[in-house]
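Kindly produce the complete structure, drawing on both the sequences and the hints.
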Amino acid sequence: MTDLTFNAVRKSFGPLEIVKGIDLAVKSGEFVVFVGPSGCGKSTLLRMIAGLESVTSGQIVIGGEDVTNTPPAQRGIAMVFQSYALFPHMNVGENISFGMRLAHQPRELIAKRVNEVADILQIKHLLDRRPKQLSGGQRQRVAIGRAIIRNPKVFLFDEPLSNLDAALRVQMRLEIARLHSELGATMVYVTHDQVEAMTLADRIVVLNSGRIEQVGTPMELYENPANLFVARFIGSPAMNLFPARVVADGALQLAAGAKPVAAHVGAAADTKVTLGVRSEHLAITSPEQAMLQAKLVAIERLGSENIAYLEAAESPDPVAVSLPHTTVPRVGEMLPIGLSGGVTHIFGEDGNRI
Amino acid sequence: MTSAAPPRAGAGGFDAWKAATLAILIILALVFLAPTVGVLLSSIKSTRDIALGNLWSMPNSVYLANYIEVLTNPAVHTYMLNTLLVAVPATIGSIGLGILAGYVFAKLPFRGSNLLFLVLVAGMFFPPQVILIPLFRLFNGLGLIDTLWPVIIVHIGLGIPICTLLMRNFFATVPNALREAAILEGANEWQVLTRVALPISLPALAVLVTLQFTWIWNDFLWPLIFTQSDNKRTIMLGLVSLKGQYSVAWGVQGALSLIATLPTLIVFLFFQRYFIKGMTMGAVKG
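In order, the protein sequence lines correspond to chains A and B. Quick note: our numbering has the first sequence finishing at residue 354, numbered continuously throughout. Quick note: our numbering has the second sequence finishing at residue 1286, numbered continuously throughout.
The set of hints was computed from the structure by calculation and includes no laboratory data. Beta carbons: idealized from backbone N, C-alpha and C, even for Gly. Some hints could be false.
Claimed, not checked - Pairwise CB distance ranges, derived in the manner of DEER restraints:
#1 A:Phe13 x B:Phe1126: 29 to 39 Å
#2 A:Gly136 x B:Gly1013: 37 to 47 Å
#3 B:Val1088 x A:Ser181: 55 to 65 Å
#4 A:Gly332 x B:Gly1013: 49 to 59 Å
#5 B:Asn1176 x A:Gln105: 18 to 28 Å
#6 A:Gln59 x B:Val1088: 52 to 62 Å
#7 A:Ser12 x B:Ile1133: 47 to 57 Å
#8 A:Arg129 x B:Ala1172: 26 to 36 Å
What follows is the structure, encoded as structure tokens:
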């Protein structure tokens, strides 16, 4: 059981700074997901833990030991690659036991460990096959097997599911969650898929252009996004954002001049802010209670609910509203939309939560 | 635009394009095989048969004395042995160095490595005539003339550009993630090369072994320059030396020519299943 700490870690490629000072402590046995858009530095960060990228400045500590300059194999980590990175000329058993064979471990011990790992992953019947004879999901299992057999202190996953189709992705997601609870190991997982992040993580680290935007449990990020970036990134459909202005008594005036929205914003009158409301906290209301009038442009039927997308003068982007699955308005219809449940998020001009 | 599509015959139908391709290939094959058949026919004819008929005439009976004469000639044994003593180490040496250089250029680039690679590959375009006299003087100064050493050394040197080029390009197709996965498992760079990169690159290796071995085995120029005494000659020089001053023993020369090509044929047959794959590598995905 091992914790993992970043102390002011930076990484530059020439003049380009990719990781701009990361401080983070991952607790022992925790499942932490790095999430963010392409180029935010999340994969670079993972590769720095692995030792595949050097650290420009700062310190990486695994289990109390500074590993910043330790060779990859001696860091006690194992990594699962997006492309699986299985050795094509070796069968599954040889792939899994590659590291043990390199270390000249006794043959009986290798066979025993390979069998144990194959049992955990239910791939015993595949041990003699070559990677090209396996399906995507089976390959991913073998790649995970190669990681497990090392008994690593920290597991690293680099977008391990992005090459799989949707159904298999859900299945492997459950598998990885099961593995985490069985092994109890510290896991660091990189993805750009916020659904994967929400479902797997104990804590999510949202990264944006080399900086941490917010760290928290999935529900903390969902319910209390620290800034506009996290608000946009976490949750599907994305949070609705309305440019607004504070008027008297902390109420909000939406940009397009509709009537003020009751709120208690602790900011001076006339301050420009952004009002954020999740789709489930909006509803079709009576015209008197409506915050805005919007034209329905599309409706997505998800079975359990319907997501309506509406065009409104108050918002530059389409407004998403969750409706019960029985409510199916016509496309083109003008609908009165108001707050329901009263959960709103207010962000200041600098993008941070007020 | 459908009319612009090339005419395609249905299943089992006559395809003019395919037939023409096949015809051209057959004609080319015959043109390339004809000299060999001529030599084969000469090699199984007696001197009298050769004198009476022409190159293409069929012998009255299969005459094997030419082969017996060649195979029992101790000089031929020496030629064969000398050629092997040159071709095997020079092939191994040039490919070995090509593998090491190719791996570095493909997987461990450093500042200026692309330029260095270009310079190295440019070595392929040197005409041998340009370096012939300097090399002769060099090896003469080293006292190595009339030994096999200069032939081996020159072939290793001349082989480095093509070997490096081919191996670098093949190693470049080996995903970086494989190298990184191996390193995470505790492999050092040498183990990545020998346990992962090389086994995956067998097709490229097979092509190289066949090319290099054939080229070195068949070489005439460098042994001619660097060796003088008969017991240092390679097989290609031996073929010429079998010619008398005023007469040519066509039958014996034919037999020796065919025997001389056997080792390259064996190498090709041994590696051909990889060779075909290697020749088409990169042509299709997957």
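Hints, verified against the model:
At roughly 38 Å, the beta-carbon separation of Phe13 of chain A and Phe1126 of chain B lies within the given 29 to 39 Å, and the hint holds. A C-beta distance of roughly 39 Å is found between Gly136 of chain A and Gly1013 of chain B, which places it inside the suggested range of 37 to 47 Å. Taken as a hint, the range 55 to 65 Å holds for the pair Val1088 of chain B and Ser181 of chain A, whose Cβ atoms sit roughly 59 Å apart. Checked against the hint of 49 to 59 Å, the pair Gly332 of chain A and Gly1013 of chain B passes, with Cβ atoms roughly 55 Å apart.
Between Asn1176 of chain B and Gln105 of chain A the beta carbon distance is about 27 Å. The supplied range of 18 to 28 Å therefore holds. Under the hint 52 to 62 Å, the C-beta atoms of Gln59 of chain A and Val1088 of chain B, about 53 Å apart, fit the expected range. Checked against the hint of 47 to 57 Å, the pair Ser12 of chain A and Ile1133 of chain B passes, with Cβ atoms roughly 53 Å apart. A beta carbon spacing of about 28 Å between Arg129 of chain A and Ala1172 of chain B agrees with the range 26 to 36 Å that was offered as a hint.
When held up to the earlier numbered hints, the structure conflicts with none and fits them all.
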